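> Take a look at the letters that make up each chain.
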Amino acid sequence: MSQIQTLINSHKEDWALDQEYYKNPEIFTIERERIFFDSWIFIGHESQINKKGDFFIYELLNEEIIIVRGKDMKIRAFFNVCRHRGSRICLEDKGNIKRLTCPYHAWSYNLEGNLQGAKSLPKDIEKQSLSLHKCGLEVIGGMLFVNLSDNPESLDNLKRDLEEPFALFGFENLKIAAHKNYPIEANWKLAVENYQECYHCAPSHPEYSLSHTLKIEGEPGFNKAQERMMSNLEACGLKDIEINKDFNRKDPDQEQYAYSRYALFEGYLTGSKNGKPVAPLIGKISEYNQGCSDFNLGPVSFFLAYCDYIVGYVFTPTSQENCQCDVYWMVNEEAEEGKDYDKEKLTWLWDVTTYADEEIIINNQKGVNSIKYQPGPYTDKERSTRRFIKWYLDELQNAIS
Amino acid sequence: MSQIQTLINSHKEDWALDQEYYKNPEIFTIERERIFFDSWIFIGHESQINKKGDFFIYELLNEEIIIVRGKDMKIRAFFNVCRHRGSRICLEDKGNIKRLTCPYHAWSYNLEGNLQGAKSLPKDIEKQSLSLHKCGLEVIGGMLFVNLSDNPESLDNLKRDLEEPFALFGFENLKIAAHKNYPIEANWKLAVENYQECYHCAPSHPEYSLSHTLKIEGEPGFNKAQERMMSNLEACGLKDIEINKDFNRKDPDQEQYAYSRYALFEGYLTGSKNGKPVAPLIGKISEYNQGCSDFNLGPVSFFLAYCDYIVGYVFTPTSQENCQCDVYWMVNEEAEEGKDYDKEKLTWLWDVTTYADEEIIINNQKGVNSIKYQPGPYTDKERSTRRFIKWYLDELQNAIS
Amino acid sequence: MSQIQTLINSHKEDWALDQEYYKNPEIFTIERERIFFDSWIFIGHESQINKKGDFFIYELLNEEIIIVRGKDMKIRAFFNVCRHRGSRICLEDKGNIKRLTCPYHAWSYNLEGNLQGAKSLPKDIEKQSLSLHKCGLEVIGGMLFVNLSDNPESLDNLKRDLEEPFALFGFENLKIAAHKNYPIEANWKLAVENYQECYHCAPSHPEYSLSHTLKIEGEPGFNKAQERMMSNLEACGLKDIEINKDFNRKDPDQEQYAYSRYALFEGYLTGSKNGKPVAPLIGKISEYNQGCSDFNLGPVSFFLAYCDYIVGYVFTPTSQENCQCDVYWMVNEEAEEGKDYDKEKLTWLWDVTTYADEEIIINNQKGVNSIKYQPGPYTDKERSTRRFIKWYLDELQNAIS
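Protein chains in written order, with my numbering: chain A, 4 to 404; chain B, 4 to 404; chain C, 4 to 404.
Honestly, the hints are just simulated from the structure, not real lab data. Check each hint, because a few of them may be wrong.
Note that identical chains are pooled: a pair holds if it fits in a single copy or bridges any two copies.
Stated by the list, open to error - Listed next, the in silico DSBU-like pairs over lysine-lysine satisfying Cα-Cα at most 35 Å (straight line):
(1) Lys126 to Lys253
(2) Lys122 to Lys15
(3) Lys26 to Lys130
(4) Lys346 to Lys393
(5) Lys279 to Lys26
(6) Lys97 to Lys276
(7) Lys137 to Lys393
(8) Lys137 to Lys342
(9) Lys26 to Lys137
(10) Lys183 to Lys97
(11) Lys253 to Lys77
(12) Lys55 to Lys276
(13) Lys393 to Lys126
(14) Lys26 to Lys227
(15) Lys342 to Lys26
(16) Lys101 to Lys162
(17) Lys276 to Lys375
Because the structure is a prediction, the values reported are computed rather than measured.
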């Protein structure tokens, strides 16, 4: 039996992961290939590249992907690797281009990725065989997702099941008001484990805990919070739906997703310092209310939708020991900065919270590195993290089977 | 035969170590487990944590140990790793606490390391099973030693044999007047090899060589220096004892130690710039004299005791290629800085000497890394280094047997 | 079959190298031993150490070589490693010394590398057995080359075949007017591949392309450039010789070399901003002309000789992922800086060109690291790079056979 199989077999259900999951280089290789190079990952919004030839670069581990809007207005994604001797083609991280010209020997490609110019190319070599490598790209309600695999999973079920909430929050009519990258000296799983539970919110996030209900079923106060949420949701036409809260891979050919709603505390209309709105209403929402929606689109992209803005969270590794959290704040595309929203106020809550989490996660990693670290039991308040661990072990098991 | 066994077999007695001892990662793994995680290491003095709840953190490789004085005034040591999900518990490097509370999910432990609070812990899990991991700690004449092993060697023989010198120098009534950490880009063994011989003192340490006799048996001047030492020692009631100068592991269940005395040059009463005292007398010593005592307590902790201060040296790796030297200057606990001693004067000699050694050791490592490096012969003036190498090879041999 | 043999077998002739050649650590080990520690490498000019006892240090990977002029005026090379415990002996990078004294324990060697002083050395050890390790060194027309192997290849054929051009350019009567080290975050082969072709010159080096003809046989303009070169060469007594342009290892016991000449564009008399001379004439050249000579001495040392200066290029790795380019500008030894030449003007062309290449090569490495990188076809304008790849694969094949 392989070492990894033995490790998986020895896992104690509902307890944290063994140190080896964070350190074994073979496991990181599997994670890279099976999770990060074979999942749909949120990378931005189509409004970032509105004009023909607009592009930006998305980086993941050693890969750079060119996201570019073609002359036909279609958005495509290509690996930023010249087919001649492999040079990077785009050196700027965004801009507008007529064609993709490699700075090394001036090989040039059109915006569909086809090689057009290559001086002195031997006669027996066909230009068609030297197109740029395509990268999977899908636009879902204006949101851009890439998948580096040659055979990416389908997003059909995700799109179908989440059609109503996507429409409700008007994803297509958003724009990115702010984007911040938080590097974290820890394995990516510790960051996702942290994001998935709010057991740590009371001790660690006073700012968040003021506004967001943390009650779980059975806890005193749970029923009251639930009632308030329901009445709030109904008031603005929201149904209390939950979609695949278990985040199971029900169909192996389909990307995974989950969706649920919950309530804010009384007096809080959005995720902000004082609970007051920080931007104009989005989508079909007609009045500020205390509902709040959680999306989990693919394994490492998360969205939290308020009435006036949506915050997107993406966790990716930069190495086995380091990861990063990209946070995107999206508002109504018609909102004007300075007039309709103040960037400081908009970003305040999730900026302080992410900084606090960064420190927590780094200190978690340090302890996990100890010779005395032993996985401990998850509590009832860490259900989503348990769910994530279950999903993760399934993926690892599938990879080695 | 294993590669390491072949290496040990090919070692030429009384010649330096082969390059592989400094580079083979398997050897470093053995050193970490068998030497650094299974030896008593000096980490400070109990006077640093005089009050209930006083603590400080000791770091060794990736490990952090919390040294804390309990409500019963007893000092204990715990691994700084929460039993829930492994986070560091103490984030400050020293302070005073009532209990040990993890900043992540607020699990709290009392100062005996027992889990007291853990909200939402599943009912079937017993708190007693989730105490902090204890670390071996012993207080010897006020000096704190830790041992990270679950079955540390006994210190009984060491304590028994060194009772007289510990009492003479009044270890219990000292305090740490200064502590400095010197990082060295070299394998830890090169640092210990350097510390153990004074063959390099004449070319490299003019400051030290002025005051400390370097003669060895047979050398011109040896007998005269010896006589002066004897008369000096007798004058202040010191016996010329030597304890286990060979640093043999006579009893495998006992930690190793060695002790000896030697003389300073005429006109020098202590290790200082001009030979004049730099602090009040310590222990039972009644007048300034030219005696000087060497202690070797465990494999990497060394002490040099003068009449007015004791300097402690501890060598530990931070990786296979890097190590650090922690130097502690200890004076009579009643001495007041500024009044009874001047920190600059007190630390001058061993600060300049350690800086000089740092450079020497780094340049030694650079040459040892060369493809042309070949171990050379130890001279008669490198006896203690030979002894150290012998001890080291025994430890390595035991580890792989 | 070994993994490397499989890799070599799968190489597609005249296409770029697979990613593995830049990343497999076993391949780097072979390259280090078979190419860098067993080839003649240009390291400077004898005029740098004109007086007895003058020395400088040459560094290559972890090795340091002392290049020193003895009391007999002969230049010798030694590994900078003491035979006692391996310390570096020379800590300065250049200077003048009477003997080589190790700073650690003061062992001293004469300038022939023989151990002279070693206090307390055991009687049974003979000093003769502890001489410094010699390094291969040859002076060719004043130029210094080292070879770290114990059995270096002969330079006899190289010296014989290149006698005429060495004399023509007066290599012996040069001095180094400037030396600059350019670190490049890329595998060394990408740097040499870049240096070897001028397909990238038009898009990347406008400065160079203004002055240097880039035409290849068959291209429009080639014949005319060729004619101009010929008439220019004849005008100043140069023959249009080509020596071993294929850079084949014809005799396995002889170091490799190549030599050829080409023309500058009309109006350009040397490699400078405006084509005007930047230093006095060198060697036997009697008037400024548009000829230009390329030398390839050993695998990684290149020289470009104009009428008034010679630029030397040496590529060496600092690790598998990093390399450096050392550029030397050599002028007539009698030329005085400030009077006969201006350092800025002299170095301008190859400084801007090397900086541009540095960026190109780094971006090439980034793309080569991609999971989607595939070797592409070399064009007809990359002949010398093809030649280099062929030579490199032969060397690798020989190493594993």
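> Checked against the structure, which of the hints given earlier come out wrong?
Hints 4, 5, 8, 12, 14, 15, 17 not satisfied by this model.
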